[in-house]
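J.: Chain by chain, the residues:
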Amino acid sequence: MSRFEAKKPSVCESDPLKSERVRATLPVLKGIVTSCYGPSGRLKHLHNNVGGHVCTTSQSSALLGRLSVTHPVLKILTTSMQNLVSCFSDCGLFMTILCCNLIENGQALDLAPTTVIESNKLLLRLCTTYLKSEVCGCRIPVDFSSTQILLCLVRSILTSKPACMLTRKEVDHISALVLRAFLLTIPEKAEDSIILGKSIIVPLKGQRVLDSTVLPGMLIEMPEVQLLRTSAITSSSALKVALFCVSLSGDVSDTGEGTLAVSYGVCLERAVLDQLLDLGRQLVRDHVGLVMCQKVIHPSLKQFLSRHHVIAIDRLGVALMEPLSKMTGSQPIGSLGSVSLSSYGSVKDLCSATFGSKHFFHLIPNEVTVSSLLLCSRSDAAWEELKLTCQTALHVLQLTVKDPFVFLGGGCTETHLAAYIRHKTLHEPGSVLKGDGCSQTELQLTAEAFCRALESLAGSLEHDGGEILTDRKYGHCWSAQSHSPAAVNWPDLLSRCGCGSLSSQEQLSWSCLKSSYHPSMPPACLPQEAAYSSSDLTLDCFTAKLNGLQVAVETANLILDLAYVIEDTN
Amino acid sequence: MACRVLNKRRHMGLQQLVSLAETGRTFLGPVKASKFIIDQESHESVLVSSLVRLLESLDLTSAVGQLLNEAVQAQHNTYGTGTNTLFFLVGAWSSAAEECLHLGVPIPIIVSVMSEGLNSCSEEVVSLQVPVHNLFAHMDNTNSSSGLETFSASLGPFLQTPSDPGLTQEEPELKDASHPRTIYSLSGKPLKSHDLFKRQARAEAEKIKSLETLINGPLPGTCCRKSVLIHSRHFNSIDRNRLEDKPSGFLGPPRAAGSKAPSCNGLVELVAGLSHGDPGSMKLVEAAVRLQYQNACVQRGDCTVPFMFDTSRIFTCCLPGLPETFTCVCPGYVTLVPTAHTALIQELQNQSMRVVLIQGDLTETYRHPGFNKSTNIKTVLESTKVSQASTEELWENHILQILTRFNVHLVLAQGNASERLTEKCMYSKRLVIGSVSGHVLQAFAEATGAVRVAYATQVNEDCVGMGICVTFWRRIPLDVIDKKDRIAILFHSEGIHLVTVVLTSPVIAQMQAKEDRFWACACRLNAALKEQKVLLGGGAVELLCLSHLRIIEGNSPKKVSEACSRWLHHHSSWLASSLAQYRATVLECMATGWHRYLSTLLWNTASYSSEPEANTFIQQHLQNAVDSGSPSSYILNAYRDLNSVFNSDISNKLEQIPKVYDVITPKMEAWRRALDLTLLVLQTDSEIITGHGDTQIHSQDSEDFLFL
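Residue numbers (my numbering), protein chains in the order written: chain A, 45 to 614; chain B, 9 to 716.
Okay, chain B solo, but in the shape it has when bound:
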């Protein structure tokens, strides 16, 4: 067992964090550069275009690397978004903390001032929150879903239009994608969504017209005059005391007295704002939301119950090797079956089937989890009249009998399905599908009234669901045979709360990235819909944080010591009294982190040819924001009155730029996680290696280690 001191001269842990975070720098912002990761030994290479995938392929066995990976995974699993922010800020703040250490600031003071700084920023950005209204009010409006085509490449006022042609090229393909013909071939009466897609198609044809509506329509300043300033904490009565305490110069003129708070009206604007440079994926998410919404309306008859977007009821089906135009969103469940099933599908088409849902494997040997199979049981043969059939055959016949008795033509199993049984069923015109996800089973259980069972032998009349239809996904099924000789089929049932997003890509290496990007957009929209409010994005929030830190740096020392000692746990220590002395330094280092975030963001969007140029741009805005006395109203104004901020060449088409929005909680949590990790590593002074790794350590740099 060995022990290594981490912060002898420079803090090794923080340095590791800084260098690790550097690898994800190009993922920040709307224009993401993909990376090739090459294994030097096997010469295998992977194309990664998201941070989570990058971390999967990196060797992160060091303690700090593992903690970083853990933090990113936790953020990803909880919110599905915000990992890039987290990763970048870990690096930015680690180098800020290192700088503070270098300047001789005691560690507890760095911890408390940085926590205070972030908390203060999080409170401040509340003023940039935008309520989300009337999302589904214009569902029947012909032009409602055409927002993205028009503004696909816009990145917000603080980020200028990127010069990446790839983004704009995606547009024509997408237009095609959103009216899948398969929907028409569904059994029963046509769903409302058919109309939607027809209308959508028409809307796309009249693109110019829709552009006009959008400019005159839901943009703020025209139709949201009724909204009042509700999120400014300075206008809340509770905060009035604090307001009076503060030196008058700090707050400046009452904020936004004559101006309106921004608001986000309609799904179109929200979706455009949250697409973050990926309109293609966002368009699919939007279509999925609309399908879910309509489904909810149809089911309840009215829309009085608030609609909840449910990402667990979205299923992605990847078809690598197919042209991009096949990408689509359709209600129901799309899956792949071997081409050998074609005849069976053809036969089952256009009839309502009875279904059984199996939770486990559909095999003879499967036992529910927790069942311990006894190994030492021997079967004794007492007579010679043993039937020829093996136990497996007996089981298969038994299952077939059950299926026949209950007239079941479809079996969906969560685990594997026995190949022989599947084949036998095929002969008797029954379809067996294995490896169906739990959410899909749940959706079918709700729609058809089926009850999930662990074993097929448990099936009784109450467990059988009815009303499932199967059809080929495309009218000409053989068009879409994938590499493994499988065809896509679509299951549907009246009122099923399930949407399948079929993702196709001719470039197989891109498939994973496409799926990841879709889910990133879905999670972002889901978070925004859940919270009913969003933040102004595109760097606005970070600029506010940056200018806010600049302002509180200069606060009077007395106020400071009171405010700060609240953050120091052991207030009686000498650290509490010397906190004021170091506070400005720490806040400045922290602000540098935000500055780096913004400049990387601008630099990544390729709107600036050099980093100094981007820095000058930020510096100028920062100065204006700080000088104005109230950065939040400056930024709000900049958002409303874009022309005054920009004097670049794109100002003539500024009207076309919709707002960029960010989700609130995932972003705040990413900040907090990033700071937590930084501070955790900062407060760590040694690394203790347990177990029998001694020999390994000896061979490396054993003088760094102390042994126990």
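Next up, chain A with everything else stripped away, as it sits in the complex:
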């Protein structure tokens, strides 16, 4: 007996931002992301309460990917964050916090949502134009003739993830490795369009972080037995490579729905194996020296190949296929039929290497555009975090090559940008408005809310009760112990600004972020020498941050614009 249930009507909720659910959950989400932000951010244990894997993290991608939020408003927020991270890897927390701040501040304004949205758009345009312009004072061009800026960029990314559990020395080591791994992916012969290769992160858990290393070419993990067996036939000359993406395990291909009828005495397995051995014979005839397979190779075929001094490597996994095919110049072979000569590729050399307790085949290509970053960490938890961080850093380096600029980190870009917006909207509102449907007062009100959202984002870097200041000349971000005496000598109390480019001894004056200060001058541009003199700058990725800013404002606008939420409850 089947039972039918009447469909429930859809639920419509008006003004979702004012609803009890959103007012209860949005601050929780904001609290989670804000407390994770920056190098002294707090970590989160994520688990399922029934003994599942515990993930300790403060990274947006690991965190929000596992969170299951219920309300559509929160879903919009987490989805835009995930989209941003999938495109740029970095600045997920930046975007989420800024978006939450903008929503919060926008709601607090006594203005119609459309006005807020309209002027937010204006302000965003103002920001992006400034950040992309030559006069921008919070970005510096990357000098590719030295590694300094790139190293600082990687180091900033690594130090902003405390769950990697790296000491200073380990941070230096890993940043150098990441940079080297990235440099190895740049082809030597520069043509009109350069196609970057790939860095593959190879796990080696349980070892010390300082044992990590980078190798040109690819490392493929192998059981020791197989390594011993093939080491005898390894030659030092170039090898012809055949790369299979089809399984060579000898199973009969799936018949789908139907049933296969076979007459008695016919052995399908035997037939497939014969076909495999024929294939093996062809490979030997074609003088292939190395056979690699994404899936499994039948032991008999392996035995046959090794008798003919052909090295066989199987179980590569799908992740290695694309870089392998690119590196060796071979076409992945998808059938057991005859193989065309054009699908073969080659490698320069093949040797075996042992790191820790693991054994690897090391494939060295003719032209290096693939590198392997052998990443070690003592614990599983820290390894996962470190791997994600290194992937982010590698991606950020790629983005930096495309757009050769970096933003000043440590909150300096945010406070500088806020100072710029304040100045612009106070002193040159006409240039911002351009006759759009929003008055000068409305613009100034929303600009104040926008700037406070940016400044409180910079303030989110502080988790231990410190106070955030900004200097009146450059608009950089400074941190000080809270409850400092009123008549304090600031240059003595402060040391350097957030990004590390300015010292407190440079005749500056400071004001607290909470105080209302209206700059009469646009924030000055950082002198070039200051940027390049310090070897310990905190920097942010240009592309990721710029896009993060855009996504944050647009998502905030979208959420502020929501009038109804209609949910199907069936």
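Careful: at least some of the hints might be erroneous.
[As the list claims (entries may be wrong)] What the simulated footprint calls covered on chain A by chain B, stretch by stretch (three residues with Cβ under 8 angstroms from a Cβ of chain B suffice, anywhere in the stretch; the number is not a length):
#1 81-89
#2 237-248
[What the hints assert, rightly or not] List time: in silico DSS-like cross-link candidates among lysine-lysine, alpha-carbon distance up to 25 angstroms:
#3 B:538 to A:402
#4 A:431 to A:249
#5 A:74 to A:119
#6 B:538 to A:249
#7 A:370 to A:233
#8 A:517 to A:468
#9 A:339 to B:538
#10 A:242 to A:517
#11 A:242 to A:339
Bear in mind the hints are in silico, worked out from the structure with no lab data behind them.
Please read these numbers as outputs of a predicted model, since none were measured by experiment.
The beta-carbon is built from N, C-alpha and C at its ideal position, and this holds for glycine as well.
Go by the hints and put chain B onto chain A.
T.: Leaving out everything else, chain B in the frame of chain A:
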């Protein structure tokens, strides 16, 4: 999905770590107390005597518990030793971190100062490293392997002789254990090891004589005068600048100027020092090392290539229910077969067999991993003349044919072996053994020239190995039938690089513990041999760390801020400038952790009747070490000149106490892992529970949770 704030008033995560770590307190040190774990529902109980086993039986579903378990497992899997240290220090440092939080120290400062403190300690203990020399130089010396009997119960100068009678009782049993008669019954020419064991037996008889040799022999101060101070970083030219920077009072008189650096000579001393209160297991490890060493010498003809101890080529075979005296170490592979095979073994004895090594199961249905069996294939019968035999029977006959064709009398399979095939083979005088470990197969492959195959049908002449002999493990095989009606047999082949350690115990519940203890010793010795150096143990290293932290606590503030800000990642924050203010507090809390470690160590060895007494003892040494200006030379002196440290009643037999050693990397890594875990939990502020556990949470304490 819910989210819980962890550090509202007191840090819940750290508190959980402290209470979890408390359960392993009695495992620290050489005298370990076993525990019974009783399941309240099923009333089942388990006897555990190592930390790893303890964690296996505990319910660790909380996030912090799982992280702790992960850390211990990682340490265990990588090094096989150091888990007790890790576990204890997690507790000690968690309570140190909690204390710091209580005193209002900001979290990033706790993190950076503690990391700095541990790093500084790790650099400092380099001065207590002892190079390991001439390990196998005296292999032919008659007295070489008798060190352990004489000093089995010694625990080092900072730990006094325990009053546990169980340890000393083990001795007579062990002596018996080390000359297995089976070795003589091996085929072919006798191995060198026979001589060793004969000599060893004689050596045991002349125990008193060996004692003399040891006192006059390899003890430092007599025969190692040539060694120079090589590990002191203060005498390296690179560090000279730092040396001059420092206030003169810090370093004190040049360290150890007139004294010799200690060194560890010979396997005997090393093994005695690393036994850590378990001479019985260590003795077995030593015997295994000697067998491997001799094997390596025989194979290469000379000993010029450095010998590597290979724990993967040691195999343990547990025979519960047999008396302790049967414990032994023998070259080759010992395994158990049903008593029904007795006649077959008898027949195969004294002949050289040809062998096939199978990687998978030896069954008709077995397919290599990665092979997908199609389910929807139907066999159609076209005629009635179908043979009676089932496919399995056909397969068995086929395999038998292959074995006959290649004249194979022994099949070793890594997976299961078909029972019917095994039986059929038995009738045709062929032996099939299943569930053989991969390392054993590897060893036989190397020794016999066999190539491992996945299927028996793959066998060709190149795959067949030869020269394996089988024999009963004991001369009278029926003596040693185990509970499941099986007898132990021994496989051997010329030059096989495999040693089997047969562990027996009349108390079945102890079997697991015995095996664990053996492997703990093997891993410790392996690490020491690999690194070619060891640390002075028995609390010396921890005492040095403790006194070192006390000294750097008092460093001048300027130096401090420079040194420390290196450890703070975001050096521009206000935290960098206020670091100096909190540094001494954090270091003091951390030092308390070391202090607790030492006092627990002393208390566990039962050398002190009360914890305050142990504390006074440590306090006194600590004061002396700090006052001397250079703790490391104080400790080195204390080690050399034991009488000046001790004024207790055991001073008259101090000469008998050999040094206690510790392995370096596993220990340092255990420290680092312990601190990493503590700091990871310290920096965590909330626990996010995902999935559909909401209802469960509701019923508990829902006010603690925030919902998303």
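J.: If a hint holds in the structure, say so; if it does not, say that too.
T.: Right, here's what the structure says about each hint:
no., hint, in the structure
1, 81-89, "holds (count 7)"
2, 237-248, "violated (count 0)"
3, B:538 to A:402, "holds (17 angstroms)"
4, A:431 to A:249, "holds (11 angstroms)"
5, A:74 to A:119, "holds (13 angstroms)"
6, B:538 to A:249, "holds (20 angstroms)"
7, A:370 to A:233, "holds (16 angstroms)"
8, A:517 to A:468, "holds (15 angstroms)"
9, A:339 to B:538, "violated (37 angstroms)"
10, A:242 to A:517, "violated (43 angstroms)"
11, A:242 to A:339, "holds (22 angstroms)"
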